[in-house]
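Protein chains in written order, with our numbering: chain A, 1 to 429; chain B, 1 to 306; chain C, 1 to 339.
Be careful, since some hints might not be right.
Stated by the list, open to error - Using C-beta positions, here's what the derived DEER-type ranges look like:
1. Gln307/A with Gly94/C: 57 to 63 angstroms
2. Val25/C with Val372/A: 46 to 52 angstroms
3. Ala285/C with Val372/A: 42 to 48 angstroms
4. Asn206/C with Asp200/B: 29 to 35 angstroms
5. Ala172/A with Leu8/B: 35 to 41 angstroms
To be verified - Which bits of chain C does chain A cover? Going by a derived footprint, with three or more residues having C-beta under 8 angstroms, they are:
6. 34-44
7. 148-157
8. 187-193
9. 243-252
10. 287-299
Claimed, not checked - Partial pick of chain A residues on the chain B-facing surface, computed with a CB cut under 7 angstroms:
11. Ala55
12. Asn56
13. Met209
14. Glu212
15. Ile213
16. Pro216
17. Gly218
18. Arg220
19. Ser223
20. Leu227
21. Lys228
22. Lys247
23. Gln251
24. Asn260
25. Val263
I should point out that these hints are in silico values taken from the structure, not numbers from a laboratory.
We put the CB at the ideal spot given by N, CA and C, even for glycine.
Listed here are the chains, written in short residue letters.
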Amino acid sequence: MAQSKISRRRLLTTAAAATGGMAFMGPWTHTRVYAQGAAKPIRIGITSDASGQYANSGASDRRGMMMAIAEANAKGGVLGRKIETFHLDTETTPATGSRVAERMITRENCGFLVGAIHSGVANAISQVAQKYGVIYLNTNSSAPSEAGQNCHRVKFVWDANGTNFAKASVKAAIEKYGKKWVLLTNDYVWGHSTSAATKTLLKQYGGDMVEEILVPQGTRDFSSQLLKIQQINPGVVAAAIGGDDQKAMRQQIAQLGMGNKPVWLNNQQDWPDVYGLPLDNLFGMFGTTWYYKLDLPGVADFVKRYQAMYPDTGMRVPGNVFYNGYFATRELIAAIERAGSTNNIKVIKALEGHKMSARDRMQHHDAWIDPVTHQVQQTIYQATANVGTQDKDDMFKIVASTSPQDAMDSDANGACKLESYESTPTFDA
Amino acid sequence: MTSLVPHLVNGLTLGLLFALIALGFTLIVGVMEVINLAHGSLFTLGAYLALSTIGAGWFAGTPFGIWWLDLPMASRYFVGLALGPVVAGAAGMLLELCLRPTYGKAPLYGLLLTFGAAIVIEEAIRLIWGTGEQNMPVPQMISGAFLMGGLIFSTYKFYAAGFAIVAILMVWLFLERTPYGAIIKAGAHDSEMVRALGYDLARLRLMVFGFGSALAGIAGMVMAPIWGLRPHLGIDVVIPAFLIIVIGGVGSFWGAVAAALLVGMATGVTGAYAPAWSLMSMYILLIAIVGFRARGLLGRRSALEN
Amino acid sequence: MITLSDIPARGGTPFTLPMALFVVVLATAPFWLQWVGLYQYLGVEIAIWILFAMGFNLLFGYTGLHSFGHGAYLGIGAYGFGLFQQGVAVSLWGGLLAAIVAATVAGAIVGAFLSHRRGIYYALLTIGFGQVFWFTAMKLHWLTGGEDGLLNIPRPDLVIGPWRVNLNDNAAFYWFVAAITVVAVVLMWRVVNAPVGRILQAIRQNETRARFVGYDVWRWKWLAFTVSAAFAGLAGGLFAMAQQSAYPDVMSLHQSGIIVMMVLVGGGLVSFWGPVLGVILYFIARDVLGGLTEAWLLWYGLIFVVMVMVRPEGVAGLIHTLARRAPPAVAPAAKPETV
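Pulled out of the complex, with its shape left as it was, chain A reads as follows (with noise of 0.2 angstroms):
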């Protein structure tokens, strides 16, 4: 990718000067007119997805966004300037991940982009906007391989990934469940690269893998894969299993009943999966970086927010993926207002390193971005259903949280080569 010579600035002012001055912008384009000396406003593309397998995880990524920009505009916008969203449906699809991110920057204008759960789409988007320098946040894709082999300076990565999950959990599973395991792996990259992270922390604190279950994807029947597990009876199964597949095998393992024995370490469970089904679907234990109820100051208050902006929707409150939107957003903001410009090496300078504090993030250890791989590096909590509750929005119960120190995945840094600042593409949004 290092080849890209070209700069977004050159082929826009071709293309102003191919259209006679941008006179005419075509039935749809949004004209507007601003009054004289009024600073043009930011433009946001924001490419989740709307449709297929993550279309709600989508949408609630996309809440998150628009309430750190509804914010921020409140309060007069960033540098004096207003923010405009534009929003294209990415379709779960790298492909169409792609054609959208082109046409966001090269037609719609916008500065930066902002979406992401599916690893795919997230590389896909990534690729375009590195070639023509536009700042990028995967909001949600946690794929330890977008912080390693596939990150570009322009990139930044705010979910913790499959290998932080993992580090957070294995350890304590072992001594407390034994040290028998199977693995449940979805036959896919993301599954790969999770159960890799949770072998090698298997045989480093003396854990045993009896097994390693590999699941296509697609499977929608996982019930010979049960009786199978039933057969080797481990102490613990560590699933690595992701989207649809995991939703369908949820709910056998449910009617099974065989949710607490053996013990299910499920990586990471985000919100939008489970929100509003029956809390005997959601055993085992699962790793998170947020839940609307951490016992620390701002979260009611985040919350009422929340509720205040989206009266309407269905998921009555905010969980890990509307969290990361909403902060990922937020952070991109505050880095252009400490830039105090748009150029779009400025304000990924601001971002690199930079430190957020606990009280900010609402959780229990202060976070950063990772200089080397643009991966922001946080808590990571444990949690189990919450057996017994009565408010049917509360179901997870947090157990325990690992500090980002301890969670670190060590080998990212070897795996990911940034780009230079100087075969990045400058200008100014």
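Take the given structure of chain A and dock chains B and C to it, following the hints.
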């Protein structure tokens, strides 16, 4: 060492569920020679409607809704089991009306029209019920699990498999033992003759399509508690249904049932011994069988070949 | 209903009025795309899909063989291009050649399985094979990158003699794609208007009759499939360049169905140029409706259903019918020119 027996039992139940999924699809292909790619969407539609019926859906909060939710789960479940398929059947009939201009043309048009309809139904479901995952509750008596040979099996799955056996036999009896069945089968072989005998072929087709779609709706309702409910569930249904038809042979009722059992067994057993290949197994089965037997296990010559 | 056979085939020069129009529109697009509210990258995708759809229509419209798994060959081409760049050498022509060869080989093997089949069995088997390829692409992650796709595929420079053009610029890349598409379309035009085209159409109209007349139907069907897969592979190679990645999802049943939709809506069954109209319509509908509503597919699906019901000849058929109804001032011989 993992013992094979439980996996064979499991493969058998899986096969029965596959047969249930494919039943309506088989009927419509066999009788009308239309590949109904909207089968999966109708399946999903039936399940969502049943879900709304059980949970009082649009009436929640009204006096009727409150009275309704006071009824025992089981009775609501069985009303749902009736209502879901009825609506799916009605949607299927509407689809058949749309299909009429394509009769007598290449079978491709039926395929394309139902492909379009599948997209429309799926998007409509998304608009009405939202994109999120939903959970279909089941009455107490068929939920839970039981022990067999020291292993836990799902009660519901056996109920569903039993349901599949009943449904298969009923459809077979309907085709073989009722005058309707005779006419429908005759219509499949020689529509000219049926028309000459004075039967209203248009109504017959409408009925068959409605019936096949209702079967899709029933299957959706029965499978939803196992798979969960999402708007894009349809694709998970159409592809196995379709593979089963090809393996079994277009137009052969028992061919499809046999193919479903084979696919179930293959999935179940590979799921235990080579889990990474469990999904691929049905495609390998397809190529192995169709590579040697052009028309599948029990297929006969079909007008669709022209 | 009119069919492709109603359009007289002509030998001779492919430089007809529609061809001239096609070339001019394609060649000038970068100058007016922004003007009509579109953008350069969309032009690249449209040109690639036109190539794919036209190649597909050799099989679908002309030979009447209904492949529902054609996305697989586009995908194979894309992987072929990418793997060549990453595993062999960074080379533009080498990569495109690898894309064509990979798809041709896959098409030739599948075609050998398929060509004994007819009608719906043919379609069903194409779906089956399409699914196998799609599934394999997802599964072989050590080779293809699995569902994340094969990333960081370079766009090598175009070198002609002393000339070196950097294709990383979307406009330059667009012209490159457009030039290849035009060459391919001219080639296809020659094929369908040559005696070969008549044989393919004879197979579509009645396979048994074609066999009795003495044609080796199996061989022609196999050839049509293989050639069509080769064009798909070329399109796939260009697509990998456009996206600088190769993804499995273009190989899915859904995507393979969409290409059939495009060709049919445009009128590929009645006109050589049908697929072009279909691709343009689909892409613009997706971009414009998609920007307005998330449920755009609902509306497109409805339009498609109605179209299959009332006007399965598609847009090109509509134009053709209108031209036919026009006053007799239009000389019969000039008819095809207006399609």
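Report holds or violated for the interface hint on glutamine 251/A, using the least CB-CB distance to chain B and a cut-off of 7 angstroms. Hint holds; glutamine 251/A Cβ to chain B Cβ min 5 angstroms, cut 7 angstroms.
The hint says 35 to 41 angstroms between alanine 172/A and leucine 8/B; measuring C-beta to C-beta, is that right? At roughly 39 angstroms between Cβ atoms, leucine 8/B and alanine 172/A fall inside 35 to 41 angstroms, so the hint holds.
With a Cβ-Cβ cutoff of 8 angstroms, does the stretch 287-299 of chain C contain at least three residues near chain A? holds (count 6)
Under a C-beta cut-off of less than 8 angstroms, do 3 or more residues of the stretch 243-252 of chain C approach chain A closely enough to confirm the stated coverage? Holds: 6 residues of the stretch 243-252 of chain C have a Cβ under 8 angstroms from chain A.
Under the criterion of a CB-CB separation shorter than 7 angstroms, is isoleucine 213/A in contact with chain B as hinted? This hint holds: isoleucine 213/A lies near chain B, its Cβ roughly 5 angstroms from the closest one there, short of 7 angstroms.
So, as I understand it, the hint says alanine 55/A touches chain B; can you test that by seeing if any CB pair is closer than 7 angstroms? With Cβ-Cβ at 4 angstroms, under 7 angstroms, it holds.
Do the numbers back the hint for leucine 227/A, that is, is its least Cβ distance to chain B under 7 angstroms? holds, 5 angstroms
Tell me if asparagine 260/A is really an interface residue toward chain B, meaning its C-beta lies closer than 7 angstroms to one of theirs. violated, 12 angstroms
Hint status (Cβ of valine 263/A to nearest Cβ of chain B, threshold 7 angstroms): violated, 16 angstroms
Quick check on serine 223/A please, does its C-beta sit within 7 angstroms of some C-beta on chain B? Holds. Min distance 5 angstroms.
Does the Cβ distance between valine 25/C and valine 372/A fall inside 46 to 52 angstroms? holds, 49 angstroms
Counting residues of the stretch 34-44 of chain C that have a beta-carbon nearer than 8 angstroms to any beta-carbon of chain A, does the count reach 3? holds (count 9)
The structure fails to meet hints 8, 13, 14, 24 and 25 from the earlier list, while all remaining hints are met.
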